[in-house]
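Q: Next come the chains, spelled out residue by residue.
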Amino acid sequence: MPEQSLSGKLALVTGAGNGTGRAIANELAHQGAGVVLHDFADAPNLEALNATIDAIVGNGGRAALVLGDLTQVADCYRIVDEAATFLGGLDILVNHAEIAEAKALPDVSPADFEQVLNTNMRGTFFVAQQAVRWMEERGSGSIVNIGSVVSFAGIPNHSLYAVTKGAIVGFTRQLAVELIPSNIRVNAVAPGYVNDNDTDTYAPAQNSWGRIGKPEDVARMVAFLASPAAEFINGQMHYVDGGLTSRVALYPPLVNTQELTQQQ
Amino acid sequence: MAVTGSFAGKLALITGVEASGIGQGIARELARQGATVVAHYPFSPDGADALIQEVEANGGRAGKVHGDLTNVETCLRVVDEAADFLGGLDILVNNAGITEKVPFLKVTSELFDKVYNVNIRSHYFCTQQAVRWMNQRGGGAILNLASIHASGGIPNFSVYASTKTAIVAFTRELATELVPQRIRVNAVAPGHIEVPRHFAAPSYSTELGSTFAPWGRVGTPTDVARAAAFLLSDAADFITGQVLFVDGGISTKLAVDAPPLERV
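From first to last, the protein sequence lines stand for chains R and U. With the working numbering, you'll find the first sequence wraps up at 353, consecutive numbering, no jumps. With the working numbering, you'll find the second sequence wraps up at 1125, consecutive numbering, no jumps.
The set of hints was computed from the structure by calculation and includes no laboratory data. Every clue listed holds true.
Only some residues are given here: those of chain U computed to face chain R with a beta carbon under 8 Å: (1) S1023; (2) A1036; (3) L1122.
All C-beta atoms in this analysis are idealised placements derived from N, C-alpha and C, irrespective of residue type, glycine included.
Work out the full structure: start from the sequences and follow the hints.
A: So, in structure tokens, the structure goes:
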């Protein structure tokens, strides 16, 4: 049997319903962790989540589901408490839940702003806060936040999403420094274009590497950062983007922003 | 006074102008260089009144507008009132901001919302309304206030640091989105700028503050104001989406000689 680097570790993955969330939970479980998968209160992906959990349990792992609304701080706390109670503690938190929506600046309403900010940033903040309480009982921990290439460079019509993902960058660095005394590491993964919603949303031409990211590309990086192998890595933003952010945008516009979000 | 200088004929709104501090410094500098300015103030009108008095004594014109920017409707009203007074809008300086130093586990959702509503939401919706006015003028320039907290972590600033990094991503995103409207969007990131509230801490002195930056002195609102004026002026017509650190070298220094954070 191959070495399992997360053997005995206890993990919560928020926003585990979509392709990337499920892949993260699968990878953590594959490497030996017990996992709790969170999804939004209306459980939009309940069937796929249950199938993932059944598969993990069928392979001899531990997995469970918790639903909750990240815009409510009380629910953030409950999600973490239920997960840690099921697992018997908490070592790893993956803050993956987010709303990603393209909207031009004039069209963003205050209600849109609340919904996206409270899910992507405030939810992340207070889930992490409660998780840290559990991790301090275990004497250590690892938090992985999910950022985005949009915190590195602008993409038109993503001003609200960029606000939340930029906030994730500052939060990650900040918390990494602040939680050193608690022996908790905090990193972030910034995916580029990933076809994560079980659909082929993006075209290959949108990526320098010549293919679109897969959920497993992101999941492997998350698992590495969560593992003891990354014990000296703290406060960093790790791009999993096929080189997208390394390339300077010095070329005539090949696609307009409409085409960027069009289906193949 | 004949209206000369690089901002002759320009119409500017600066949010968060108090009796001293960065907002006051930027407003005075823009006025000194010929802009007609409106100072938004959140609490006491003393700072705005002093500014108006000085500008009028020099033969210029300046106005003030009051409002609590934690309310989105107030943001829109403040921008509209300023533009009505000015007869349009060319320049918006999103200076309003608050700092809270609280350990991560002690942050409440009320505190989180308070800081986000001023530091991010007010920037977002003041900008949204300002862009509508700038579109009528055929272009404009926006300056956001970031911070050295957007370049690295300082313990107990988890909320503040994440808002300021959100500003960085917002700046970059909006710079790309508003290219067709010929509106430039940049940010300044002040380091340790000495303002009266620093002296509320009994241990603070200018001598101590002078050790914070490699350059060996405290920053002044004028330091930030000169950088702000440059980025807002036509001299910076090819500069958009950038963050200019005005910090005496703090953000470029690696924290290798920082005292270790004690482990629990």
